[in-house]
Amino acid sequence: KALDKIVAALKADIEEHGLRDIVVHYIGDKTPAVEWAKEFFEPFLKREVRVLPVSPVVGLHVGPAVGISYICNKPLEGKITGNVGSLAVSN
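Per this note's numbering, the very first residue in the sequence shown carries number 529; after that it's consecutive.
Since the hints were derived computationally from the structure, they do not count as laboratory data.
It should be emphasised that the depicted structure is a prediction, and the values quoted were computed from it without experimental measurement.
Just so you know, nobody snuck in bad clues.
Beta-carbon label-pair distances, calculated as ranges:
{"hint": "1", "residue 1": "Asp541", "residue 2": "Val590", "range": "18 to 24 angstroms"}
{"hint": "2", "residue 1": "Glu563", "residue 2": "Pro603", "range": "30 to 36 angstroms"}
{"hint": "3", "residue 1": "Glu543", "residue 2": "Pro581", "range": "25 to 31 angstroms"}
Built from N, CA and C at the ideal position, the CB exists for glycine as well.
Kindly generate the complete structure, drawing on both the sequences and the hints.
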């Protein structure tokens, strides 16, 4: 169900804002991420999709998983846009 919600959000964002880039991420076993990219995203987008690991810090807190990150052609209302460095917490 979670993967279906991810795909639904992506489709809605692409319809309204276009798609510049997408990456399938994984924590732990790479195989499910590669399969998801090859079986769904590449046929849907009609292009190759990169599959990359998530940082160890995120992996430590989340555990084994797959997910996506993507950049649309236009900013998305209510979502993180622009310079995400400004969101960093400093001591």
